[in-house]
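**Student:** Residue numbers (this note's numbering), protein chains in the order written: chain B, 5 to 250; chain D, 21 to 250.
Since the hints were derived computationally from the structure, they do not count as laboratory data.
Don't take every hint at face value.
[Said to hold, decoys possible] Coverage of chain B stretches by chain D, computed from C-beta distances (three or more under 8 Å per stretch; other residues unrestricted): (1) 16 to 27; (2) 62 to 72; (3) 145 to 155.
Heads up, the beta-carbon is just placed ideally off N, CA and C, and yes, glycines get one too.
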Amino acid sequence: MKPTRSDQVASFLRCFAVQGSWNYRSLVAGGLANAMLPLLRRIYAGDPVRLRAAVERHLEPFNGHPYLCPMAVTALARLEHDGESPERIDRFRSALRAPLGAVGDELVWATWRPFCLLLSITIFWLWGRPWVAVGVFLLAYNLGHIWLRAWSFRRGWTEGLGVGKDLGDPPWARVVPWITSLNLLLIGSAVVLVSWLVAPDTLGRWGVALALAAAALLGYARPALGERLAAGLVLAAPVLLVLLGA
Amino acid sequence: MSELDLSLGLLAALVACGAALGLDAVSWPQAMISRPIVAATLGGALLGDATSGFLVGAVLELLGLGHTPYGAAVYPETGPAGLLAGAGLAAGGGSGIGPLLVAVASGWAIGWIGAISIRMQRSLNERLLAGGGLAAPAKKLERRHRLAMVLDALRAGTLTAAFALPIMLLVKLADGISTMEGVVAASALLLVGMGLAGGVGAGVMRRRATDPLLLLAGGAIALAMIVTGR
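Turn these sequences into a full structure, and let the hints guide you.
**Tutor:** Below you can see the structure in the form of C-alpha cells.
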C-alpha cells in the first residue's frame, strides 16, 4: 500500500531524531530504520514477515549527513514500495552513503552554519544586543535547515533511484562558492571584532590592532600550532591567573 | 568580588538547559541551540548577564570552527560547555580578561570532557541496538531508539550538574586578575588571537588563491571600523 500523508508526516518528524541512537557499529542505521517505520508499516500492511525483513535490511550500517538522511529514508521506502529486489535496494543503499555525507557536510557544516554564526557575531558587534544576534542566527540557520530536510524528504520519494542527479548537481551548487567567500570576509572581521570586544582597556586601540595583526598572520599560517597554543593557554589560565592574582 | 548566588532552583534550571542543549547537538532536533553563542548567552542570561555570555560564546565559537562533525570525528561538545562558560562569566561579574579567559578555558575543557562522555554513550548505544530481534516486533527498535535519546539527555544533564558549581567558583577566583598590567594582557591577547585565527584557519577550506586575501580583507574592514570609531 502507498503511504498516506500522515505516514509521511510521522516519518518526516522522526527524521529530526535520525542520529538519536548513533553508534560505532551501525552508525545512523537505527535512526534511519526508526524514521522509515511509519512508511514501511503502510507498505507492508498485513505482511509482518516482509516488514521484519525490510526493517532488518535497514538496520545494517548506514551513515549520511543528518539533514540529507530524509532523502535516504524516502528513496529507500520508495524502492520498497515499488517492489525492487532486496539486492538492488542494498546496492542503492550502499551507493547513497558517501554522497549524502559529502554533499551535506560541505553545504551545512562547512558553509551554512559558519555563515550564520559569523553573521550573528557581526550583528552583535554592530548593535550590541545578544538576543537579537542569537535570534538572527537561529532563524536564519533553521530556515535553511528545515528547508533542506523537507526538500530531501520530498525528492527522495518522488525520484527514488534517481536521487543521484540531485546529489550530483544540487540546487545550491552555484551559491556555495559565494557564501564561502563571504564566510572568509566574515571570519577575518570576526577574529578582529571578538578580540576587540574582549580586549582589556589598558592596551589601547593600536596595541590591540598590532597584536591582532601579528596573531592573525601567525595563526593563519600555522593553524594547528595557533589552536594548540591557544588551547594550552586557556587550559593553563586558571593556574596562571590564580598565581598572578595572588 | 561580589557574592556567588546560586540557588537550588537556578542550578535545576541550568541542569535542565544542559540536558536539552546536549540532546540538541546530535540526538534531536539539531536546531543548533547547542552552539556556544546560543548556549553561553542562555547561561549568561540565567545568571543575569546575557552580553557576557554571548562574548564567551563567540570566543568558543571561533576556537571551535576547526572542529566539524564530519563522519565519526571527535569534537568538543558545545552545549553544556557553552552554557556553563556563559553562566560562569556572568556569575563572576563579567568583566576583565582574567574571568573571560577562565570561562573560555572552562568551556573548552568541559567540551572535551563532554566528547569523552559522548564516546561512552555511543558505545552504550551499540549495545542497545545489538543482539538482533529489534525488527520483530519493530516496536522494540522504537523503544531502544527513544531510550538512547533519554540517556543522551541524562548524560548532558549530569555533565552540567557536575561542573556548574566548580566553574563558577573558578571564574570568581580569576576576578582579581582584571587588574593585571599591559604586557601580560598583551601576551594573553596575542595568544588568544592566534588561537582564534588558527581555529578559523583550520575550519575553512583553503581551496582558492583568493581565500587568504578575503580573510585579510575582512580583518582590515573590521580594523578600519574600529579605528575610525565605526
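**Student:** Closer than 8 Å, Cβ to Cβ, for at least three residues: run that test on the stretch 16 to 27 of chain B against chain D and report holds or violated.
**Tutor:** holds (count 7)
**Student:** For the stretch 62 to 72 of chain B, do at least 3 residues have a Cβ located nearer than 8 Å to some Cβ of chain D?
**Tutor:** holds (count 4)
**Student:** Three or more residues of the stretch 145 to 155 of chain B near chain D by CB distance under 8 Å?
**Tutor:** Holds, because 3 residues of the stretch 145 to 155 of chain B bring their Cβ atoms closer than 8 Å to Cβ atoms of chain D.
Against the hints set out earlier in the document, no violation occurs for any number.
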